[in-house]
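Visitor: Chains as they are written, first to last, in my numbering: chain A, 1 to 338; chain B, 1001 to 1262.
Treat the hints as calculated values from the structure; they're not laboratory data. Computed from a predicted model, the values in this text were never measured in an experiment. There's no promise every hint is true.
[To be verified] To give a feel for the contact side, a few chain B residues facing chain A, derived at Cβ under 8 angstroms:
{"#": "1", "residue": "E1058"}
{"#": "2", "residue": "A1060"}
{"#": "3", "residue": "R1078"}
{"#": "4", "residue": "L1081"}
{"#": "5", "residue": "A1082"}
{"#": "6", "residue": "V1087"}
{"#": "7", "residue": "P1089"}
{"#": "8", "residue": "L1094"}
{"#": "9", "residue": "F1098"}
{"#": "10", "residue": "D1233"}
Positions of the beta carbon are idealized from the N, C-alpha and C atoms, including for glycine.
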Amino acid sequence: MDNRRWLWPSLLAALVITSLMSVSIGPLQISPTVSFHAVMNWLTPLDIGSVAPHEQLVINNVRLPRTLLALAVGAVLAQCGAVMQGLFRNPLADPGIIGVSSGAALGAAICIVLIPQGGEYMVALSAFIAGLVTTLVVYRLASSPSGTSVVLLLLAGVAIAALAGAGIGLLTYMADDMALRDLTLWQLGSIAGAQWHYVILSLIALALVSWQFNRSAKALNALLLGEAEARHLGLDVDKLKLRLIVLCAIGVGISVAATGIIGFIGLVVPHLVRMMVGPDHKQLLPLSAMLGAALLALADIGARSLVAPSELPVGLVTALLGAPFFIVLLLKQRHRLV
Amino acid sequence: MQTDSLTPALEVNRLSVRIGHKPVLTDINLKLQPGQVTALLGPNGAGKSTLLKSFCQEVALDAGEIKVYGKNVNSWDRQLLAKSLAVLPQHASLTFPFKVREVVEMGLYPLTLNQQQGKRLVDEQLEQVALAHLKERSYPTLSGGEKQRVQLARVLTQLAQSERPPILLLDEPTSALDLAQQHRVLALARSLAHEQNYAVIVVLHDLNQASRYADRLVVLENGCIVSDGKPSDTLTPETIRQVWHYDPVVVMEPGKQTPLLF
Chain A
1 MDNRRWLWPS
11 LLAALVITSL
21 MSVSIGPLQI
31 SPTVSFHAVM
41 NWLTPLDIGS
51 VAPHEQLVIN
61 NVRLPRTLLA
71 LAVGAVLAQC
81 GAVMQGLFRN
91 PLADPGIIGV
101 SSGAALGAAI
111 CIVLIPQGGE
121 YMVALSAFIA
131 GLVTTLVVYR
141 LASSPSGTSV
151 VLLLLAGVAI
161 AALAGAGIGL
171 LTYMADDMAL
181 RDLTLWQLGS
191 IAGAQWHYVI
201 LSLIALALVS
211 WQFNRSAKAL
221 NALLLGEAEA
231 RHLGLDVDKL
241 KLRLIVLCAI
251 GVGISVAATG
261 IIGFIGLVVP
271 HLVRMMVGPD
281 HKQLLPLSAM
291 LGAALLALAD
301 IGARSLVAPS
311 ELPVGLVTAL
321 LGAPFFIVLL
331 LKQRHRLV
Chain B
1001 MQTDSLTPAL
1011 EVNRLSVRIG
1021 HKPVLTDINL
1031 KLQPGQVTAL
1041 LGPNGAGKST
1051 LLKSFCQEVA
1061 LDAGEIKVYG
1071 KNVNSWDRQL
1081 LAKSLAVLPQ
1091 HASLTFPFKV
1101 REVVEMGLYP
1111 LTLNQQQGKR
1121 LVDEQLEQVA
1131 LAHLKERSYP
1141 TLSGGEKQRV
1151 QLARVLTQLA
1161 QSERPPILLL
1171 DEPTSALDLA
1181 QQHRVLALAR
1191 SLAHEQNYAV
1201 IVVLHDLNQA
1211 SRYADRLVVL
1221 ENGCIVSDGK
1231 PSDTLTPETI
1241 RQVWHYDPVV
1251 VMEPGKQTPL
1261 LF
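So that you can see chain B by itself, here it is in the shape it has in the complex (with noise of 0.2 angstroms):
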């Protein structure tokens, strides 16, 4: 299918989210783009894990509409809107003793490969997140990080035959990694985004993160967007005391436009 260049990979017009009788998120209007690393920031209760699932209709929208390459999302056929989103869970509850080859190879189920490439498809996503040493270790037995990633190589197997850019969604990706981890995970996100030009939207609570990795920063407060754009323009002191309640240092990074806090 051809689309437009400037046809952006996710689309919210006016969106409206209550849970209860309490409004969550308030007037959304998002328009991101393929190539970048987009980070929800916000403090808890800010709404952007509810953004990030009304993305892939975990939650049920009160107004407005999500569009995906420009067609509402709910219109959709699933497995082919599977083969272009993917979400990254925070928490994957998964009991059950399966080998780490056979969950990366759960990311098969929307794709139309033979067994063949199908195999080699997941070892070579098990080889991006350097796990395919653990291939036939059992997953219930990985650390918190392990099965972190094993999950990150499925989701990445899910959108190999993407027939646009693919939309990845990672919510709080970092939260179960060591500091070495954490860079890592967020490298390669980046990496997909400028690299394989991947549509990356990650909920972050590192603010420092987000400035690194991040080329858009995307703040929520009380579930409206309080600011938007480049690290430099939205890591301000002044957002910062108005959303998170608290004064901070801000340098530049030497030599960078990143704006680091203390």
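One chain only, chain A, in its complex shape (with noise of 0.2 angstroms):
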């Protein structure tokens, strides 16, 4: 109950403070409070001053895209593991692990290098609906009546992946100069050059999968009791789980559009909210959005500064701190897995 009461304002502060971050650091050095007034200046009708012109241009053009893009993505990866964790009854589901963004990887990149014509809403939307056969494929897969075996998930998350990383392999020897480009940093996840429509679209799905996720929060906790029991508690499991698993394709597809594959956040960030308050999804699921967007935002202002004047892409960076907490999770849970 404490630990609610601090998570909330800490949370919160963290996330302003790492927002402020993202908009200061960068090969123009600006302050922190000259960010601020340049985002208010943004924001705000009102011309706050002390703000050059050429710094509010990179603001404006360059970080506050940047860094809505990391807060959104990061908070619609946070929610979507949670959710598939809830919907899987299973702590090691996560959109990067079962597969589904190498599935919306791969309908993004038929895109790319098969309708170059097409657009980013094309792919944006191939890459919705590449995730969503995948997140049906593999969820059949991995699904007996007793729930899902977390051994059948991962072995299906493996095949895809494989499946995926063979048609984009693929679609790469068939590419040209330019969309050999656009592949290879969409299978390594970044938030460089954001570009407004797609903040748009990013946070459109935000505001779409946390106010869908937290109207089911309820459903979602009864149904960690079972399908059955969920049943006899008046739920339509089934209607739930094809809403559940279609927003989660809308929010994986849209953000691996935008930005790539984007590991770990989905695993990672739900467990560390569960440690601290536990699985309820009320609390579980605006917890992990927060985090996970405070999160991604520091990724990327590391993936910016680490080699700085040069750039890592994001989904390295998370990669480099998720998989080994991943190979941590799996160790404790060995017992249970087989």
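Both chains come to you apart, so use the hints to assemble them.
Guide: And the structure:
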């Protein structure tokens, strides 16, 4: 109970601080005060002043979309991870690990290479469709009347990721130089060069999944009892599952389309939150959203400052941090996996 | 809603269930009234658990129908049905570290209560199963018996707003419990039936428990009802020999009408 009281304000503070850091740090150093003024200038019609035009320009066109994209995608991925873990009744489910992100990336790759004139929304749409199909396939493969099996889930994820990897490899072979660059970025995940239309799309996805997931928080709790038990409590389990799967596919699909594959946020964040406040989805979902947003923004700051003036793809940073965490998790759960 | 006091809580008409090609239940007819504990008995594979599952739509019916308060169970509104009919599962595999209180709160799902009313109800039900002191404990750390009682508290919470006498289905509720707890749970089931007019239907293996706590016994063999009635009429040496292939010594509990078997 005490945990919950301090966690909300501290996460909110972390979110604000990380966002300010994210708009301040970069090749052009802008002081946090100036950044704050610049953001206020952008947000409100007031002219607070003391911001040089070139600083305002950098913030408006580069730093702000980048920061907002990191926040939105982090929040979406963390919530999708939390919901998938609830849906599969398994704390190891994550869009990356079970192959959904790879599926979505394949969808995006198909669009980039084969329909180059399709434009960004086409890419987002095909990433979403491919993500949805992958989620449904993995879900079918891993489900049995007694629940979902972790072993099957991970194996299905491996198989799907391998298949998607082969598909992307084939497309890479066929691609021209322009498409090749896009494809590589896709697989590593990057927030660099964030564009406003992707920011808006991601924010819409964030609003949609946050609203819908939070509406289902109580039902998700009940679902953890088991499908039969949830049904006895009056839940329409099949409808609920389908709705949540589609929403996860929308969230992950749009995230992948906007930034490529960013792994482990969906796995690590809900875990950390659960360790602090327990598994109740009413707390877990909003807190995961906040922590996911802050963590991805932080990882992105790392991505652009660790090897400055060059840049690391942010997916690399999250994988470097997340993969060891996943291994620890596996070791802790070893006795339950068989 | 007004219900005729003669409308049975559960009515089973010509029910048949197959799993694969194997008939599991054949032509079952039953009427179960509120205010009674009915025990479903039979050897392993007789179909008693399947019968219980068919009451809560967990198995597909091959033929026949099941009515809850006169209305086909499939045409009930899900949430409305959940308020009047609840199931205590045999194993509840909840591995996420919910607190005991949070597990019981899941029973509030179909109800329309404000936060304070919900909290009070959850406290009452935890009191009823004597687990109020474990309220803030993590569920996966409990013993099997304690888990079972937490689930019972959840299920009773679910039934708190029933518009009709609630129907409580218990699937081998005593399998994980020690002797004292077994009697405690069954005594609670009996008092719910006798004092609060619940219709309690319980699958049991222990014939003596059934004899002591149930008002009515339904004995199944190979998916058919072979005996149905008061314990003293159903637990006869002939029935037991025929169904369980076992030759019992039957004595009457001193001063009561309950047969005891050895």
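Visitor: It remains to establish, for every hint, whether it holds in the given structure.
Guide: A quick look at each hint next to the structure:
1. At a threshold of 8 angstroms, the smallest CB-CB gap from B/E1058 to chain A is about 6 angstroms, leaving the interface hint in force.
2. Taken as an interface hint, B/A1060 does not check out: its beta carbon lies about 12 angstroms from the nearest beta carbon of chain A, beyond 8 angstroms.
3. Interface restraint check for B/R1078: the shortest CB-CB distance to chain A comes to about 5 angstroms, inside 8 angstroms, so the restraint holds.
4. At a threshold of 8 angstroms, the smallest CB-CB gap from B/L1081 to chain A is about 7 angstroms, leaving the interface hint in force.
5. The beta carbon of B/A1082 comes within 3 angstroms of a beta carbon in chain A, closer than 8 angstroms, and the hint placing it at the interface holds.
6. Of the supplied interface hints, the one on B/V1087 holds, with its beta-carbon coming within about 5 angstroms of a beta-carbon of chain A, less than 8 angstroms.
7. A cut of 8 angstroms between beta carbons decides the hint on B/P1089: the least distance to chain A is about 6 angstroms, and the hint holds.
8. Look at B/L1094: its Cβ gets to within about 6 angstroms of chain A, closer than 8 angstroms, so that hint holds up.
9. Taking 8 angstroms as the C-beta contact cut-off toward chain A, the hint placing B/F1098 at the interface holds, the least distance being around 6 angstroms.
10. Of the supplied interface hints, the one on B/D1233 is violated, with its beta-carbon coming no nearer than about 32 angstroms to a beta-carbon of chain A, more than 8 angstroms.
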